[in-house]
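Chain D is fixed; fit chain A onto it per the hints.
For reference, the chains in residue letters:
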Amino acid sequence: MTGPVDGVPTNRRNFLRGAALAGAAPALATIAPAQAAVPAAARPLPSALPPTAQRIAAEVGNPEAEGNRIGGKAGSDFMVDVIKTLDIKYTPSNCASSFRGLHESLINYGENKSPEYLSCTHEESGVGMAHGYFKITGKPLMTMVHGTVGLQHATMGIYNAFCDRVPVIIIAGNDLDAAYRPPGVPTFHSAQDINAIIRDYTKWDDTPVSPQAFALTMVRGYKVAMTPPFGPVSISLDAGIQQEPLSEHHKDLYIPKFTMPSPPAGEMGAVKEAARLLVNAENPVIIADRSARTAEGVGLLVQLAELLQAPVVDQGNRMNFPNTHYLSRAPGVISTADVILGLELSDFWGTVNAYSDNGVNGIGENGTKIKKNTKLISINASELITKSNYQDFQRFQPVDIAMPADAQATLPALIEAVKSALTADQKRAIEGRIEKAKKAHADARNRELQTAAIAWDASPISTARLCMETWAAIKDQDWSLVASEGNVSNWPNRLWKMEKHHHWIGRSGGYGVGYGAPASVGAALANRDLGRFSVSIQSDGDLMFAPGVLWTAARHKIPLLSVMHNNRAWHQEVMHVQRMASFRDRASNYGNDLGPIGTSIMNPDIEYHKLAESMGWWAKGPIKDPADLGPALKEAVAVVKSGQPALLNVWTQPR
Amino acid sequence: MTNFKIFAVTVAATFISLSAAQAGDAEKGKATFIHKGCYECHGFEGQGGSAGLRLSNTQLPEDGLIAFVRGTSGAMPPFSSKIISDAELSDIYAYLQSRPKPADPKSIPLLAN
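So the sequence lines, in the order shown, correspond to chains D and A.
To convert a position in the first sequence, counted from 1, into the working numbering, add 93.
For the second sequence, position 70 (counting from the first letter as 1) is numbered 57 according to the working numbering, and the numbering increases by one without interruption.
Among the hints, a few may not be true.
Below are the SDA-like pairs computed for lysine to any residue, each with C-alpha atoms no more than 20 angstroms apart in a straight line [what the hints assert, rightly or not]:
#: 1; chain 1: A; residue 1: K69; chain 2: D; residue 2: A674
#: 2; chain 1: A; residue 1: K93; chain 2: D; residue 2: E541
#: 3; chain 1: D; residue 1: K365; chain 2: D; residue 2: A502
#: 4; chain 1: A; residue 1: K23; chain 2: D; residue 2: S681
Read the hints as simulated data drawn from the structure, not as lab findings.
In isolation and in its complexed conformation, chain D is listed as follows (with noise of 0.2 angstroms):
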C-alpha cells in the first residue's frame, strides 16, 4: 500500500509512525520535519501507557492549517463518494479510533450529509435505531462500530435486526496490519476476522483490502440486504485502506451502479394449487405475521381476505391487516380452519400447536391447536437464508404446500388464480360468510371492550387503561406506535385503530430485551422527517440496558412521546422462577420485593423522569393515579408537537 504522489511518501506506515512522534511533540509543525534528521534507532518507540496531556492536547486540537499532509485524496473520501450513491441518509454510531478516518471524512468531505452523523452512547443503540427507522423508511442506514468491543456491544441488536429481517449496514472499524497498527489498546480492538462473532445472525459479511474493494462490497452488501428476506450485513473495514491517500494505483476506481433487487415470488404451479386449495376449503384461515414490507402488502391482504371472505389474523411482527376490518380476528379462530395460508410466520410450529410450560419435571407438554386434516401452505422467504446455529428457524413444521418465496411479492399472482379458480357457486358460498363474520368481529370487539374496563380506576395502573389514555391523546395526530415493550397485554393492537401500515412497526425479532427504546427513537426519527407523530409503550427493565438512547434522541431533537410502562420488574422472568418454585414444592425467596429475587426493579425504584430530564428530555412522573394520567398525557404530546422527546414515568400494573 505505497506510491508516491506529488513528491510525498504515502506509506500509510510512515504517516502514521510520524504522526505518532508528531503526538509527543509540543507543536507539530515544529516537530514533524524535524523527524527525518532523527536516526531510528534514537526515535521514541510509540507508547502503549495512556496518552499525556500533551498528546491529547495535540490530537484533539485543531489540525494546522498547512494542507493536506498524507498527499492526496484519502482513501475514507472515495468511501463516502460510494457511501453517499447509496443515499443512506443517517448514520447513528459510537465514534471510534478504528474508524477514524471514515468518521472525519464524513462529516468534513462528506459535510455531514447523507449520512449524517448521529451521536449515540452504545452500540447497541446504533443498531436498534437502525431497526425502527428501516420499518418506517423501508431504508436502511449505516452504523459504524469500533473494532471487536464495539461489535460485541452491537451484537444482540444485529441479531435482532437478523430475526426480525431488517436490513442494517454495519461498518466495523478494524486495524488488520499487525506489523504497523499502534500497539496497546488498539492492537486489543483488532482481530484477524471481527465478523466471524456475527457470521451466524448476518446475510453477508466481507473484508475488503482497497478502496476499489470497498466500493464493491459496499455497494453488494447493500443489496444483498435489500434483497427480501432482508438482513443486516458487515464490513470489516481495515483502518489503513481508509487513512492511505489514493494514490496512482487507483486512478481508475469507480463506483458500481446499485439496481434495486426485485423480491423472489413464489413458482406459479406453487400459486395455483394453493389457490385451489383456498377457493375449496369451507373455512379458510390467513395468519400473516412479517407479510406486508410496505403499505401496499397491507391493500393485497385485505383483497386476498375479502374475495376469499377468510379471517386474519395479524401475528404482529408488522401491521399486516388493519384490526378495525371485520375479516381481522384473534388466534383461536385457527381451530376452526380446514385450510391455513401462513404468510412469513416466524414460527409456523408454534402457530398451529399448543406448548404448554407445565409438563412432570418442568418438561414442556406439546399440543395441537388445530383440526387433524387441516392443509397448511406456508409462503415464507425465511425460509431462503436459514443457518445452522441460532435457532431462530423454529421447530419444524410440515405443511402441504412450501413457497420459499416473498409473500408480499407472491399475493398479486396468488390473488389473480384465486380469482381464476372460483366458480360461480363457490363465490355465491364465500359471500355467505360476510355477516357472519361480521357478527364475530362486532362480537370480539365488545368482550374487548368489557375486558378492559375491569380494574379502570386501578392503582397501579391497568395495561388497558395506559394504553386507553395513550391513544384518546394521541388518536388525532397521525400517529405511528413504534414500540410496546414489556407485554402490555397487546391492549394496543387489540383497542387501537390501526388500519395503516406505520402505525404499528411490530416487535424486536430475536425477543433481545432492550430494542425498544433505540427502535423508537430510529422509528421517530424517520417519522419525523416525514412529519408523523411518535409514540411508544415503553417498559422499565428495556429501558434500563441502554437508556443512554435518550439523550441521542434529546441532542437530534427526534420528539417521541414515550409512556412507560413501569411495572418494576421483569415480569417475564418471575414467573420463570416461580414456576421452578413450585415444580419443587419451594416458595420463592422475594427478600422485600414484590417478586422471586433477582427479578424485581425496584428498592430504590428508579426515578425515569428524572433519568430522562437528566438527558434533555421533558418528563414526568411516578404518575400511580389514573386520572392523573389523561392531563399529563394532553402536556406531553403538546412538548412532542413542538419538536421534543417527552416521556411519563407511569406506575403499571404487571401486564
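For chain A alone, coordinates are given in the frame of chain D:
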C-alpha cells in the same frame, strides 16, 4: 315443596353461602395475593391479562379455586399447601370476591366508542 320449605332452603343456602364468603379475610387475602406472587399474572386486582385469567368476582366456588390451584396442569404451575395453605387461599378468595364489579364499558368515555 311448600312455599315455606322453599323459603327455608333459600335462607339456609344463603346462610351457608355467606358463611363461606366470610370464612376468608379479604385484607389478609390481598396481602397474600401479592406476596405469594398471584398478582404477577392475574394483576393486583385479579383482573387478568395476557399471562393469567381474570379472577376478580370469579364464578368458581371457593373449593373449586383451591382445587385448581393444587392440581392445575395448564400454563399455571400448581401450588401445594406447603407453599400456600387452604386458609390463605380462602383469604385470597375473599379478596377476589370483594373486588368491585367491572363497570359497563359504555359508561367509560374512553371505551364507549
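Consistency of the hints with the structure:
As the CA atoms of A:K69 and D:A674 are separated by approximately 11 angstroms, the hinted pair is consistent with the 20 angstroms bound. For a cut-off of 20 angstroms, the pair hint linking A:K93 to D:E541 stands: about 12 angstroms separates their Cα positions. For the proposed pair D:K365 and D:A502, the alpha carbon gap of about 15 angstroms is at most 20 angstroms, so the pair holds. At roughly 8 angstroms between alpha-carbon atoms, A:K23 and D:S681 fall within 20 angstroms of each other, so this suggested pair holds.
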